[in-house]
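Enquirer: Sequences and hints are given; from them, build the entire structure.
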Amino acid sequence: MKDMTKMKKNPAGIIIVYLFLVFWALTTIYPILWVLQNSFKAKDKILGNSFALPFGELFTMANYRKAFETTDILGSYKSSLFISTMVALLVVLLAGMGAYALARYKFFGSGLIHSLVVGAMMFPAFATVISVFQMEFRWGIANTGNWFLNMLSVILPQVAGNLAFAMVVLMGYIKGLPIELEEAAYMEGCNVFQIYFKVIMPLTKPSFATVAIFSFLWSYNDLFTQSFFLRRPDMYSITMMLNSISAKEGTDYGMMAAVVALIIVPVIIVYCFLQKYIIKGMTAGAVKG
Amino acid sequence: MGANIYRNKKPALVFLLPAFLFMVLFLYYPFFKNILNSFMEIKRLGIAGTEFNTPWYSNYTQMFQDQNVWTSVKNTIVMMVVTLVGQVGIAIVLALMVDNIGRGKQFFRTVFFFPIVISATALGLMFNLIFLYDKGMVNQMLEALGKQNLTDWKAEGIALFTMMLPVMWQYVGFYFVILVTGLNNISEELYEAARIDGATTLQRVRYISVPLLHNVICTCSVLAVTGALKVFDLPWVMFPKGMPLKTTFLTGTYMYYQTMETKNVDYGAALAVLIVVLGIVLSKVVNAIFREKDY
Numbered sequence: 000m001k002d003m004t005k006m007k008k009n010p011a012g013i014i015i016v017y018l019f020l021v022f023w024a025l026t027t028i029y030p031i032l033w034v035l036q037n038s039f040k041a042k043d044k045i046l047g048n049s050f051a052l053p054f055g056e057l058f059t060m061a062n063y064r065k066a067f068e069t070t071d072i073l074g075s076y077k078s079s080l081f082i083s084t085m086v087a088l089l090v091v092l093l094a095g096m097g098a099y100a101l102a103r104y105k106f107f108g109s110g111l112i113h114s115l116v117v118g119a120m121m122f123p124a125f126a127t128v129i130s131v132f133q134m135e136f137r138w139g140i141a142n143t144g145n146w147f148l149n150m151l152s153v154i155l156p157q158v159a160g161n162l163a164f165a166m167v168v169l170m171g172y173i174k175g176l177p178i179e180l181e182e183a184a185y186m187e188g189c190n191v192f193q194i195y196f197k198v199i200m201p202l203t204k205p206s207f208a209t210v211a212i213f214s215f216l217w218s219y220n221d222l223f224t225q226s227f228f229l230r231r232p233d234m235y236s237i238t239m240m241l242n243s244i245s246a247k248e249g250t251d252y253g254m255m256a257a258v259v260a261l262i263i264v265p266v267i268i269v270y271c272f273l274q275k276y277i278i279k280g281m282t283a284g285a286v287k288g
Numbered sequence: 000m001g002a003n004i005y006r007n008k009k010p011a012l013v014f015l016l017p018a019f020l021f022m023v024l025f026l027y028y029p030f031f032k033n034i035l036n037s038f039m040e041i042k043r044l045g046i047a048g049t050e051f052n053t054p055w056y057s058n059y060t061q062m063f064q065d066q067n068v069w070t071s072v073k074n075t076i077v078m079m080v081v082t083l084v085g086q087v088g089i090a091i092v093l094a095l096m097v098d099n100i101g102r103g104k105q106f107f108r109t110v111f112f113f114p115i116v117i118s119a120t121a122l123g124l125m126f127n128l129i130f131l132y133d134k135g136m137v138n139q140m141l142e143a144l145g146k147q148n149l150t151d152w153k154a155e156g157i158a159l160f161t162m163m164l165p166v167m168w169q170y171v172g173f174y175f176v177i178l179v180t181g182l183n184n185i186s187e188e189l190y191e192a193a194r195i196d197g198a199t200t201l202q203r204v205r206y207i208s209v210p211l212l213h214n215v216i217c218t219c220s221v222l223a224v225t226g227a228l229k230v231f232d233l234p235w236v237m238f239p240k241g242m243p244l245k246t247t248f249l250t251g252t253y254m255y256y257q258t259m260e261t262k263n264v265d266y267g268a269a270l271a272v273l274i275v276v277l278g279i280v281l282s283k284v285v286n287a288i289f290r291e292k293d294y
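As given, the protein sequences belong to chains R and S, one line each in that order.
0 is the number of the first residue of the first sequence in numbering that gives the first Met the number 0; add one for each residue after it.
0 is the number of the first residue of the second sequence in numbering that gives the first Met the number 0; add one for each residue after it.
Source of the hints: derived by calculation from the structure; they are not laboratory data.
Do not rely on the hints blindly, as some may be mistaken.
[Stated by the list, open to error] Here are the simulated lysine-lysine pairs, DSSO-like style, with alpha carbons at most 30 Å apart: (1) R:Lys174 / R:Lys275; (2) S:Lys8 / R:Lys174; (3) R:Lys77 / S:Lys229.
Expert: Encoded structure:
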C-alpha cells in the first residue's frame, strides 16, 4: 500500500533518484571489487591495467602465497576470534546480570549507580588506556610471553569499554518485560536466580544478540586498545597484523591487496547472512537516543 | 505484588557487583589515575611515575606552546564539521530518496551499511592502494578521463582531504539506517492526506518528512560530532605519525604518537585529558544547537 501511494510521480525524477543511489552503492562496492581483482594479479601487472579482470595471463595466486608466507594470518585470526568471542560472552554475562538488578531492584544508591553506568559510556579509550596498562603491567599480565595472559590483558579493558553501553540497552529491554511472568515463577517457588536464568534470560535473547554482536564487532575492529596490549608479533591480532604489514610491506601492492582480501571477505560473508541482526546491533544505542 | 520478589535486596548485590567492580577498576579508577599521571614524570609505559613534574603542571604549559597540539585540535574540529555535514547530510539525502522508491530498499540498506562492519584498519590499507600516487585507482580513473599529470594524494595540503574522505564515507550508512528507521515511523496517513490535498513528492518531503525527522537528525548530529573525537584507526594507518610533516595529526593520533612513539607518556596522559575536556565542551555546544523539540 505504502509503495502504491508514493510511486505516482514523474519518471525523470525517479531515474535521477536511482542514479544517485546506484552511484553511492558503487562507491561502497567497487573499491572492494577493485582490491579483490588486483589481489589476483602480479605486482607489476597492477600498474598497467588495474581495471582489467584477472583472467588468463593476468591471473596469479602468488600474492596469496606470499601473504601466507610473510604473515601469520591464521595466528592473527586465532587471537582476534578468541579475544572478541570472550569479550562478547563476558559483556553479555556481566551486563545482563547488572542490568537485571538495576531494572528491577530499588535500593539505597541505585539511582547513583544508574548515573555511574550512564556516565561510564562517556569515557574515551584515550583517557584510560595508559593507567590500565600500568595496572595490568603491575599484575604481570600485560606485555608478557604468555599467550593467554596477554589475550586477557586486552579482553579486560575491552569488556569494560562495552559494559556500560550494553547495560543501558539491556536495562531498557528488561524494564519493558511484563513483571507478571516473574511473579508466576515466584509463585511456583523459583528464587531470584532461577527467575533470572530461566525467565529473564530467555525472554531477553534478542537484546542479548544485539549486545553480543555490537561488542564482538567493536572488539574485532579495534586497533587503538590492541596496539597497547598486543605488541609482540607472535600475538598480533588481525588489526595489529594489518597495521604492521602496511608499515613493513607497504610497497608490495599485490600482497597488500591479497591481505586486505583475506581479512575483508570473511566479514562480508558473515555480514550477508546476519545483516539484519548486525545492522540492528550496531544502531541499537543510537535509535534509543 | 511484584515488589514481593524484590523485597530482599541481597541478590541485587550479587547481580550487580561483578559489572560494577569492572567499571570501577577499568574505567573510573584509570580515568582519575590518568589525570594524576598527567602531572607525574613517566618515562616508560607501564612504569608508574614516582615524582611530579617541575612545575607539576608543566605538561599543560607545554601544550599551549606545542604547535602540533594546535594542528591536531584544528584538524579534529575540521573533522567534526566534515562528519556533520558530509555524513549526516549525505545520509539525509540518501534516506529521503530510498524512502520514496519502490524497489531495492533492502538492497540499498545492505550495501550502504556494510563499510561500517569492516575494520577501519583494513579500510585504511584499502584506501592506501586506492589513493596510490603511482597507479592507484583514483589516479588511473582520472588518467582515463584525460587528466595529464597525476595527483599525489598524500602530499601536504591535500593530505587532510585524503584522510577525511574515507572516514566520512565509512559512516554514511550508519546514519542512513537510523534516518530510514525514523522515516518508517512516520504515519502513512499523513502522506495519504497530503496526497489527497494534491501535494507533490517534493512538498511531502519538505513539509512532512523533514520536520518529523528533526529529532532523529539531532541525535545523528550529536553522534557524528562526538564520534569525530574518537577517530583513530583509519587516520593512523593512512597517515602514521602525522605525515606529511606532522600536518595530519588529530587529537587521538597525536596522543598515541606522544605516548607510544616519542615515549613521552605523561604528556600523552595530559593530551588524553585535553581530549576529554574537548569532548565535554563540544557535546555541550552541539546539544545546545540541536536541542530536541516536541511536535
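Enquirer: Compare the structure with each hint and give your call.
Expert: Here is how each hint holds up against the structure:
| no. | hint | verdict |
| --- | --- | --- |
| 1 | R:Lys174 / R:Lys275 | holds, 24 Å |
| 2 | S:Lys8 / R:Lys174 | holds, 18 Å |
| 3 | R:Lys77 / S:Lys229 | holds, 27 Å |
This entry satisfies every hint, going by the numbered hints stated previously.
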